[in-house]
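S.K.: If you want the building blocks of each chain, they are given just below.
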Amino acid sequence: MTYILPKFRHPALPKNKLGYTIKEYEGALSTLCAGCGHDSISAAIVHACFDLNIEPHRVAKLSGIGCSSKTPTYFLGNSHGFNSVHGRMPSVATGANLANRDLIYLGVSGDGDTASIGMGQFVHVIRRNLNITYIVMNNGCYGLTKGQDSATADEGSKNKAGSVNHFHAIDLAGLALELGAGFVAQSFSGDKTQLIPLIKAAIQHRGFAFINVVSPCVTFNNNVGSTKSYDYVRQHVEATSTIDFVPIHEEIVASYEQGSNLNIKMHHGEDILLHKLAQDWDPQNRLSAANALLKARAKGEILTGLIYIEQDSNDLHDILNTSNEPLNGLSKQVLCPPNEALEAINAAFR
Amino acid sequence: MKPTDISNPEYFHKVVDCQYACPAHTPVPEYIRLIAAERYTDAYMINWVSNVFPGVLGRTCDRPCEPACRRGRIEEEPVAICRLKRVAADFKGSVKELMPDIPTQKNGKKIALIGGGPASLTVARDLAPLGYEIHLFDEQIRGGGMMRSQIPAFRLPETVLNEEVDYILDMGIHTHFKHYVSSLKELLDQDYDAIFVGTGAPRGRDLPNLPGRQEGAANIHIGIEWLASVAFEHTQKIGKKVIVLGGGNTAMDCCRTSRRLGGEEVKVLVRSPFAEMKASPWEKEDALHEDIPIIDNHVPKSFVVEEGKLKGVMFEKVSPVYDEKGKRQLLPTGEPLVFVEADDVLIAIGQENTFPWIERNIGLTFDKWEMPEVNAVSYQSTIPKVFFGGDAAFGPKNVITAVAHGHQAAVSIDLFCNGLDVLTQRLAPTTNLVSQKMGIHEWSYDSPITTDLRFLVPQADKKLTLSNRKKEVELGFDVQTAFKEAQRCLNCDVQTVFNTSSCIECDACMDICPTSCITFTNNGEEEDLRTRLSAPALNLTQDLYVSDVLKTGRVMVKDEDVCLHCGLCSERCPTAAWDMQKYLYNVTKAGHSCSK
Chain E
970 MTYILPKFRH PALPKNKLGY TIKEYEGALS TLCAGCGHDS ISAAIVHACF
1020 DLNIEPHRVA KLSGIGCSSK TPTYFLGNSH GFNSVHGRMP SVATGANLAN
1070 RDLIYLGVSG DGDTASIGMG QFVHVIRRNL NITYIVMNNG CYGLTKGQDS
1120 ATADEGSKNK AGSVNHFHAI DLAGLALELG AGFVAQSFSG DKTQLIPLIK
1170 AAIQHRGFAF INVVSPCVTF NNNVGSTKSY DYVRQHVEAT STIDFVPIHE
1220 EIVASYEQGS NLNIKMHHGE DILLHKLAQD WDPQNRLSAA NALLKARAKG
1270 EILTGLIYIE QDSNDLHDIL NTSNEPLNGL SKQVLCPPNE ALEAINAAFR
Chain A
5 MKPTDISNPE YFHKVVDCQY ACPAHTPVPE YIRLIAAERY TDAYMINWVS
55 NVFPGVLGRT CDRPCEPACR RGRIEEEPVA ICRLKRVAAD FKGSVKELMP
105 DIPTQKNGKK IALIGGGPAS LTVARDLAPL GYEIHLFDEQ IRGGGMMRSQ
155 IPAFRLPETV LNEEVDYILD MGIHTHFKHY VSSLKELLDQ DYDAIFVGTG
205 APRGRDLPNL PGRQEGAANI HIGIEWLASV AFEHTQKIGK KVIVLGGGNT
255 AMDCCRTSRR LGGEEVKVLV RSPFAEMKAS PWEKEDALHE DIPIIDNHVP
305 KSFVVEEGKL KGVMFEKVSP VYDEKGKRQL LPTGEPLVFV EADDVLIAIG
355 QENTFPWIER NIGLTFDKWE MPEVNAVSYQ STIPKVFFGG DAAFGPKNVI
405 TAVAHGHQAA VSIDLFCNGL DVLTQRLAPT TNLVSQKMGI HEWSYDSPIT
455 TDLRFLVPQA DKKLTLSNRK KEVELGFDVQ TAFKEAQRCL NCDVQTVFNT
505 SSCIECDACM DICPTSCITF TNNGEEEDLR TRLSAPALNL TQDLYVSDVL
555 KTGRVMVKDE DVCLHCGLCS ERCPTAAWDM QKYLYNVTKA GHSCSK
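Keeping their order, the protein sequence lines are chains E and A. First residue of the first sequence: 970, per our numbering; consecutive thereafter. First residue of the second sequence: 5, per our numbering; consecutive thereafter.
Any given hint could be a false lead.
What the hints assert, rightly or not - In silico lysine to aspartate or glutamate, EDC-like type, Cα no more than 16 Å apart, as pairs:
1) A:K467 x A:D295
2) E:K1245 x E:D1200
3) A:K114 x A:D195
4) A:K474 x A:E237
5) E:K1264 x E:E1207
6) E:K976 x A:D425
7) A:K189 x A:E363
8) E:K976 x A:E80
9) A:K244 x A:D195
10) A:K555 x E:D1213
11) E:K976 x A:E79
12) A:K389 x A:D425
No wet-lab data here; the hints were simulated from the structure.
Model the full assembly from the supplied sequences, consistent with the hints where possible.
M.R.: Spelled out as structure tokens, the structure:
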């Protein structure tokens, strides 16, 4: 009987620049159902942080409620974490980010947590352009309460019990695009070669970065007729491009045919190298990106990959003109001005 | 790469590193689990069937299994397989009634076994239950061969040896002790249907040309002859200052025996560097523990004899020099010769085969090294009814190899006596592959991996052991320690079996595998594939398990190297594409081939 993760690791595991192996980025053993797509996304996050040489203590992972929101326990066990109230992760993340702008914020949510109970929070955090990577593990159902259809279940999709969903699905990527998000991507939990570079790019993006990841629920939504099953997604995935994330000071080695390449410089100097597969699509043009999404939807396809990116956007700190120093680095005097300061302000109004 | 053919019995056998490395292919993890379950008798019988002398081997085996043990690749030390075997022997209940019945009605075939060592006794054990009339010849007063004459009693108590030799002799074997067979031709002329030669490698190497060898002869002894003479109690004493020449296990037995027979200043001097000595590391440790210095890089030049009395040995200091190919040469350092005082010298520099009793004109072919021509599969010589095994077949090895030879020779003899072909009609091993699933997270074996390091075997007090030649030094594990040591076993025989058609490629197994063994990727040539896995597969002695093509066009590749057999891949698999299945591999013994 094992709910016990063995301590031993492969003796020849590669080390990153910090001297850490992948083990230092792992979390506790997952208690999700065997084969859950969410576990693959957790593994992708682990790999992305390992590859980016991120010190685990510099990451704060935040989540709401649901299967997806349980996953922060299963990755980055040496990082900060906050499992918040249902749908309220953006508020907690906003508070944390305003207090300490130096951490890397990773928000993990599900389709219920984001598209139903937390919709209000979701749209506003996009609007405010909080510097966070917001990942939705989207399985189209409420797996924790036995698989009822969620707000992202596609119209006509059949659940495990055989009943058909009659409601129109909320397209989270389209919504993020509409509300002005500076980084919008879609992916599939079963495709790590695409998901890992996307997460890396999202983490390095300054401002709100959104990734909607279709993640099959093996227990309640992996049946024939479901549009979020492993088989269906694999058959209907349409990638915008292949993506390579190239860190600073590293040579770009991938070579593609002329004309289909796109090299996007990130805020900190990294490159995203795209090899375009979709026609009539410009990832740096919001209209073109929205168009591509709508076209794919009309064809019954799931558009994956980087959909939209705007390299230079003002994040919440820029907009509010906040302190450059995290609050924990400021002295008590600066944080709590004396009574005289208040008096001076009040006097100014007299 | 082509998909792995798991129906080939050798594929999963190779994954069970210990069993694969064992010459007799004893199902090691199987009996270790039984020890953990306190089923010592059953554990003993698995050993007895496979290696015939569990009690003896549990103390003295060369343990080829331990360097092969997977545990040694994931942490510092392998499982103490050998000493666990002894636990089975120490704590077993009555086993006599579990042993095969000996038919009173014989099958009419008569077999002669020459030499009473492990190889011959194994042949006897395998053939007696089939109804053969077996005659065993040995020049000594009791059976056991080198296990009796060369392994000192402080490592192998006589009671243990007697018990296991007697299990076999009690099968109605006709023993002819104190009977030196001086002519093979004579035996061939008698009515034996087959003859097995298990006479070992009985001649110890000497240094006949070293000056002073003749003059000092009274105090210069050949190691294995001296050990035999101690074992049979012809020799009771040795001088206070003793030099042992040589660096193998016999040298270690010689020096430690000397300490018990009055040797106060016993030294081992060896030509090669300490690290390259032939002796097993643990035997060197035991010698050092008994205050015996091992002085390496010393080559004997002459025996110093004054007034007819041995005074010591003159040595030349050398240092090892290696050429590009790593070949070693021992070159003199040019320092003055070193004189080491000694009352007695034991020469333990190797042993060789000798067959003075086999006539060279009876059709038995010898090669240029004066070794008989023996088939490596059937152990048959150029006289069809004469078979060889143990050290007599291919030169000095060890007990477990002799047992393995004995089993195979017995198969051949049985085939031969039934008029069947000894090469083409041998049967494949028996194998069995059974799922161990008991529930969603439950297996019929202990899948959690302990982090305990190897436990040390306690030893008796040195004062006591050095004063009594027969007092066993190692005390063996108690049952509590045995349990903990047994739990270190990774159950490598519980195989990860992959079913391509059920896999939905959710990656769960790849994500959970603690030792990064599993990868889903595009297929390629092995060399290329080994570099593209979750962790590089650098150990080329370990296979890659490759699936058929999956739905996405990729394949599953598992590097067997450091798999913990923890079962997590299988537990995290939603479709049971992975299953943990216990693989039992048994070498087919004599008898099965003729039963219809």
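S.K.: Decide, hint by hint, whether the structure agrees.
M.R.: Verification of the supplied hints:
Restraint check for K467 of chain A and D295 of chain A: satisfied, since their Cα atoms lie roughly 12 Å apart, inside the 16 Å limit. For the suggested pair K1245 of chain E and D1200 of chain E, the alpha carbons sit about 24 Å apart, so the restraint of at most 16 Å is broken. With a CA separation close to 7 Å, the supplied pair K114 of chain A and D195 of chain A stays within the 16 Å bound. Between the alpha carbons of K474 of chain A and E237 of chain A the distance comes to roughly 11 Å, so the proposed pair stays at or under 16 Å and holds.
Straight-line distance between C-alpha atoms of K1264 of chain E and E1207 of chain E comes to about 11 Å, which keeps the hinted pair within the 16 Å bound. For the hint linking K976 of chain E to D425 of chain A, the alpha-carbon distance of about 52 Å lies beyond 16 Å, and the restraint is violated. About 7 Å separates the Cα atoms of K189 of chain A and E363 of chain A, which keeps this hinted pair within 16 Å; it holds. Only pairs whose Cα atoms come within 16 Å are accepted, and K976 of chain E paired with E80 of chain A is accepted, the gap being roughly 14 Å.
This hinted pair does not check out: K244 of chain A and D195 of chain A have alpha carbons roughly 53 Å apart, beyond 16 Å. Between the alpha carbons of K555 of chain A and D1213 of chain E the distance comes to roughly 25 Å, so the proposed pair goes past 16 Å and is violated. Taking the CA atoms of K976 of chain E and E79 of chain A, the gap is about 11 Å. The hint holds against a cut of 16 Å. In summary, the hint linking K389 of chain A to D425 of chain A is supported, as the alpha carbons are separated by about 12 Å, within the 16 Å threshold.
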